[in-house]
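S.K.: From first to last, the protein sequence lines stand for chains A and B.
Per the working numbering, the first sequence starts with residue 1, numbered consecutively.
Per the working numbering, the second sequence starts with residue 1, numbered consecutively.
Just so you know, not all the hints are guaranteed correct.
[To be verified] So, partial list: chain B residues that the calculated Cβ filter (under 8 Å) puts toward chain A:
hint, residue
1, Asn31
2, Trp44
3, Gly350
4, Lys384
Honestly, the hints are just simulated from the structure, not real lab data.
Quick caveat: nothing in here was measured; it's all calculated off a predicted structure.
Backbone N, C-alpha and C define an ideal beta-carbon position, used for all residues, glycine too.
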Amino acid sequence: MKTVFVEKESYYDSALLMLTSQEVKKTSGVHDATVAMGTEMNLDLLRSLGFDSAALAEAAPNDLVIAVDCNSVESAEAARAAAKRALSRKAKATSGDAAHAAPTSLASALRAQPDANLAVISLPGAYAAREARKALESGLHVMLFSDNVALEDEIALKALSRRKGLLMMGPDCGTAIINGMPLCFANVVRRGPVGVIGASGTGIQEVTCLIDRAGSGVSQAIGAGGRDLKNGKVGGATTLMGIEALAGDDDTKVIVIISKPPAKAVAEQVVAALERAGKPAVAFFVGATPEARRAGSVVRFAGNLEETAAMAVALAKGKRYAPRAFTVREAEIDAIVKRETRRLAPSQRYLRGYFTGGTLADEAWIVAHRATGAVHSNNQTDPKFVLADPHRSVGHTVVDLGDDAFTVGRPHPMIDPSTRVERMMAERDDGEIAVVVVDVVIGYGSHEDPAGAIAPAVEAMRAAARKRGGYLPVLASITGTAGDPQNFALQKAKLEAAGCVVMPSNHQACALATRILERIGTRGKAGAR
Amino acid sequence: MTEPSRVEPVTALFKSRLSVVNLGLASFADNLAAIGAEVAQVDWRPPAGGDAVALDALDRIANGGTDVDAANKKAVEILLAAKPTLIDIGIAGEVIPGMTPTTVLHSGPPVTWERMCGPMKGGVIGGLIYEGLAKDRAEAEALAGSGRISFEPCHAHGAVGPMAGIVTAKMPVWIFENAAFGNRAYATVNEGLGKVLRYGAFSDEVIARLRWIETELYPVMKKALKLHGPIDMKSVIAQALQMGDEGHNRNRAATSLIIREIAPILVQLGEPVERIVRILNFLNANDHFFLNLSMPSCKCALDAARGVKGSSMIVAMARNGTDFGIQIAGLGDRWFTGPASMVEGLYLPGYSAANAAPDIGDSVITETAGIGGFCMAAAPAIVKFVGGSPQDAIAYTTRMYEITLAENAAYQIPALDFRGSPTGIDVRKVVETGILPVVNTGIAHKEPGVGMVGAGLVKPPRNCFRDAVLAFAEAYGAAPASSRSDP
Chain A
1 MKTVFVEKES YYDSALLMLT SQEVKKTSGV HDATVAMGTE MNLDLLRSLG FDSAALAEAA
61 PNDLVIAVDC NSVESAEAAR AAAKRALSRK AKATSGDAAH AAPTSLASAL RAQPDANLAV
121 ISLPGAYAAR EARKALESGL HVMLFSDNVA LEDEIALKAL SRRKGLLMMG PDCGTAIING
181 MPLCFANVVR RGPVGVIGAS GTGIQEVTCL IDRAGSGVSQ AIGAGGRDLK NGKVGGATTL
241 MGIEALAGDD DTKVIVIISK PPAKAVAEQV VAALERAGKP AVAFFVGATP EARRAGSVVR
301 FAGNLEETAA MAVALAKGKR YAPRAFTVRE AEIDAIVKRE TRRLAPSQRY LRGYFTGGTL
361 ADEAWIVAHR ATGAVHSNNQ TDPKFVLADP HRSVGHTVVD LGDDAFTVGR PHPMIDPSTR
421 VERMMAERDD GEIAVVVVDV VIGYGSHEDP AGAIAPAVEA MRAAARKRGG YLPVLASITG
481 TAGDPQNFAL QKAKLEAAGC VVMPSNHQAC ALATRILERI GTRGKAGAR
Chain B
1 MTEPSRVEPV TALFKSRLSV VNLGLASFAD NLAAIGAEVA QVDWRPPAGG DAVALDALDR
61 IANGGTDVDA ANKKAVEILL AAKPTLIDIG IAGEVIPGMT PTTVLHSGPP VTWERMCGPM
121 KGGVIGGLIY EGLAKDRAEA EALAGSGRIS FEPCHAHGAV GPMAGIVTAK MPVWIFENAA
181 FGNRAYATVN EGLGKVLRYG AFSDEVIARL RWIETELYPV MKKALKLHGP IDMKSVIAQA
241 LQMGDEGHNR NRAATSLIIR EIAPILVQLG EPVERIVRIL NFLNANDHFF LNLSMPSCKC
301 ALDAARGVKG SSMIVAMARN GTDFGIQIAG LGDRWFTGPA SMVEGLYLPG YSAANAAPDI
361 GDSVITETAG IGGFCMAAAP AIVKFVGGSP QDAIAYTTRM YEITLAENAA YQIPALDFRG
421 SPTGIDVRKV VETGILPVVN TGIAHKEPGV GMVGAGLVKP PRNCFRDAVL AFAEAYGAAP
481 ASSRSDP
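Bound-form chain A, shown alone (with noise of 0.2 Å):
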């Protein structure tokens, strides 16, 4: 049956009434129906749609014309109330304001928030320097965490960083510290007067922790990128760059460079650098014997990162350092070497390095390379040493566990600990082991409970032996501050609960672990460096 019903005086916009007209066709026994207002094109279209002429006849221009197809009376009625209901419904709440969405796009981002300085970027590399070079466009500082971006496009984002007066940190860098924010991976660190400029994530990361610790502050963590000072083309671009405004910031006090041996012509560079911006300064190349200090110079060497720390600490303070293995007593060092080998089997010999830390394994092989002539790895290039398969440990070995190796399709280890945990495990029946070397890095970007995450195995690496006849010493060191969001002092009881021997820093952690190796006589060719 066909229906028209006609309410006078009832204006809709047309719009609406199309979306009505929708609603009220799903009404229960309803096949078709048309809420309209009463113009003469519409009252012709329904008279030919065969609804009754007298009753259309009724509807003037300003009247809502409701024109159903339909089973029965009740139907129809229940169609009228559904046409009314849709129309006098309130606009409905929205959830989530669209226009108030998250911005898409760098440049969406800069028109909600026009004072922008910074951009950090850890995109797919194939998008990040494009990213990079709009941001620098902007005249935004950026810092690159990517990696796998082309060495052209690492050298034209510097060139146009150069020319715009912006910081370009990266690409592949891990962490910054910027007027006191901790950027990617990075630690709370108190703000102070030693400025840091490394091509090395968790060696800068180490050194500002250890700079914490011993009661100083970091003014600025300018994080270079891993290629920077390696790479001849790069040249240093960033670091020299970061040497010159730090050298002009009035809270940077003395300098620090953290980097891999650069090309010979790139260290001259930084080392002239450092010498023009006049303040006293500290530089660590990783690997490298530590030059002596040029008469008349500001610039000295330091052999290790906790050295880099405790130099740059006393030069802001105005001390002499004085340099040492150890920040224990000695005596104290002995006891826990004589407690730690006293129940060693015969079988043990090795020491293993499970570290997530890049320059923190670089640290320990050079430490027990030191010691013993023979340590293997899967990040060295002397192919002596380089282990055949990353995956298996043979005789010393510090493995880096956040090598392109072990992270393709992974997250890296700081964040998803279970990498080393499994490979700690696959090695826990391997009965040459002597002694265990670990890091455990905290801080932000970091896993929220490294040190409980690691926990299991080293219990479990250390039932297994003593299931041997045996014993194993494992060595931990923490880089992190009080302030760092894990808690430092839970994490160190953690370890302590696991039995690990907690040293105040990695090169002591990793001394310890050759003190140990000496202890038992298990050096190899001693010497060696």
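Guided by the hints, dock chain B onto chain A, whose structure is given.
M.R.: Okay, now just chain B, sitting in the frame of chain A:
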């Protein structure tokens, strides 16, 4: 390498409050927010949807030596500075450059008679009958297919036409001048709703209305415009945006403003009262009367920016019911086309999607100039077409700022705190963001002559924007990746 760096911006950073934009791992932003830093997380998507070829073209454009940003600034400044003015009404064959008695102009990019959709064929038939070149449908179809008729896009002649956009030699056309740059644009008089030529109708009543426009409306309007003098359309559009119009799918306010402007003039012309009544009733009966004034306003504004070398601004978007096409300021008169899409919308009583023709008409010139769908937030009365609330309309308009070059201070949107309309589409931004221009449109019946069956939103085909970017990279970009040393 030894040149001294500029480092003042870096030392200035050390003295500023850190304000971070984070692209990538959200945890980095969360950490910064947790320690009280100012940080915005970008909801980042791969540019160009991860399309490596398009992305490479964008990079080549960026590395190509042409300062596209500067060229676009120039182009959009021309667009913003335009002063569209209605100056006269004339006969198409006499005023439109290149018109001949056998020229038929149509909407959209070029299309042959064989490829034309139903409504456009109907419009051609009606136009040929109106011109006296054919006496009925059969004759008109034979003539249209004979090769003796020159089918050309309105756009190629400085003209624009809604829907089928048919313009023939004897039709009266509004004459617009861009008072800032001197270029002209043309459009026919809007015939009203229902059975009309632009929807492909060619029945006797349609032809009769066209004749009435020519014989009664045209001479009176010509006199009226002469007495009134030029009408500044920029101010009419600006007012209409404050009154709930967006200049494409809602023209009720602007139509009213024009009637208000012209009525006191009409009554002074000494014409018979019945004639003036017929004309005023004709204007009053058609909410879309202004559409044929808003379109040439936009056309003459955009045409002034044509040919700006190195500019990637879109100067025309148009559909012929078969293809959707765009033209780029820096790429001459070349069209980049894709298949015309179906419109997503709401239907007039008695119609459904099954009756709809694909997207058709030059009216998308309004969006190209920054009104229409781009000003959806200004027209809450029609937001139901876009599926909902005024917030949705605001979201549509807000998104258009992502793909445009400027904000038009003359065209302000009340709901956005009088922010200027998003103006000047950069084809690079369309491809890079994947955000397509929002186009409001009417829906034509697929059969000739039935008329409008609904209205809604149409999504332009993506490929025409992509093709334009690839061609732009050819014209202005660096050499392709294959000839570079490091891919």
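S.K.: Would you mind marking each hint as holding or not holding in the structure?
M.R.: Consistency of the hints with the structure:
1. Checking Asn31/B against chain A by beta carbon gives a least distance of about 4 Å; that is within 8 Å, so the hint holds.
2. Satisfaction of the interface hint for Trp44/B is found here, the shortest Cβ-Cβ separation to chain A being roughly 6 Å, below the 8 Å cut-off.
3. Proximity of Gly350/B to chain A holds as hinted, the smallest CB-CB distance being about 5 Å (cut-off 8 Å).
4. Given hint, Lys384/B at the interface with chain A, holds; its Cβ is 4 Å from that chain's nearest Cβ, closer than 8 Å.
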